[in-house]
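Novice: Generate coordinates for the entire structure from the input sequences, incorporating the hints supplied.
Single-letter residue listing:
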Amino acid sequence: EAGVAQSPRYKIIEKRQSVAFWCNPISGHATLYWYQQILGQGPKLLIQFQNNGVVDDSQLPKDRFSAERLKGVDSTLKIQPAKLEDSAVYLCASSLRQTSGANVLTFGAGSRLTVL
Amino acid sequence: AQKITQTQPGMFVQEKEAVTLDCTYDTSDQSYGLFWYKQPSSGEMIFLIYQGSYDEQNATEGRYSLNFQKARKSANLVISASQLGDSAMYFCAMREAWNQGGKLIFGQGTELSVKP
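Keeping their order, the protein sequence lines are chains Y and Z.
The letter at position 82 of the first sequence is residue 101 when you use this note's numbering, and the numbering goes up by one with no holes.
The letter at position 40 of the second sequence is residue 1021 when you use this note's numbering, and the numbering goes up by one with no holes.
Just so you know, the hints here were simulated from the structure itself, not pulled from any lab data.
Quantities reported herein were computed from a predicted structural model and do not represent experimental measurements.
Treat the hints with care, since some could be wrong.
Quick partial rundown of chain Y residues pointing at chain Z, CB under 7 Å, derived from the structure [unchecked claim]:
id: 1; residue: A24
id: 2; residue: Y29
id: 3; residue: G61
id: 4; residue: P62
id: 5; residue: L64
id: 6; residue: G72
id: 7; residue: D75
id: 8; residue: A121
id: 9; residue: V123
Even glycine gets a Cβ: it sits at the ideal position worked out from N, Cα and C.
Specialist: Shown next, in the form of structure tokens:
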């Protein structure tokens, strides 16, 4: 079974520029998550999709971050304009079922963003 | 308030010995799930073990076991017979309200170093 694919793996941009990250979840996984992991911290959920609908985006800075999951498969996370504090690893994860206690998330390798 | 607390920023263990990584959590839910993930230097989060709040037996997966003490709200990870490849960051995570699609919340992590 193919894992969660993410690209690009690394991105360096200047502040105020824009960037987009792409994620392709495991086939058949209805739920997709974007997490932000700042160096030295645990991952923090930015947004959670169930198919192509948003379940939770309470911690997404909506003035600069946006995400979409058209057709309920792959997803794009965009930052515009970027700030220095956006430097982090952006992890995408997917899972088979949302409403299950043992709902295991499978993560991709992450996209490391450096904002200069 | 912190939902997940990992008080050990770094731990050392000798190869072939056992090590315990601490995790305490805070919730008022009766139904919740506890997870441990490993994050090697490559960046990908790898699922290790799961414990449901109603599970009476401690979870075990190969060399990993979860010491679940519900009254103390602790879910410590025990790794037996440590190997050099176990050197990584370890994250404890919790899902509350799992039957309503509650999000996975991570602790700050513990960096484990296995010495030869």
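Novice: For every hint, state whether the structure bears it out.
Specialist: Results of checking the hints against the structure:
{"no.": "1", "hint": "A24", "result": "violated (12 Å)"}
{"no.": "2", "hint": "Y29", "result": "violated (10 Å)"}
{"no.": "3", "hint": "G61", "result": "holds (3 Å)"}
{"no.": "4", "hint": "P62", "result": "holds (5 Å)"}
{"no.": "5", "hint": "L64", "result": "holds (5 Å)"}
{"no.": "6", "hint": "G72", "result": "violated (11 Å)"}
{"no.": "7", "hint": "D75", "result": "holds (6 Å)"}
{"no.": "8", "hint": "A121", "result": "holds (5 Å)"}
{"no.": "9", "hint": "V123", "result": "holds (5 Å)"}
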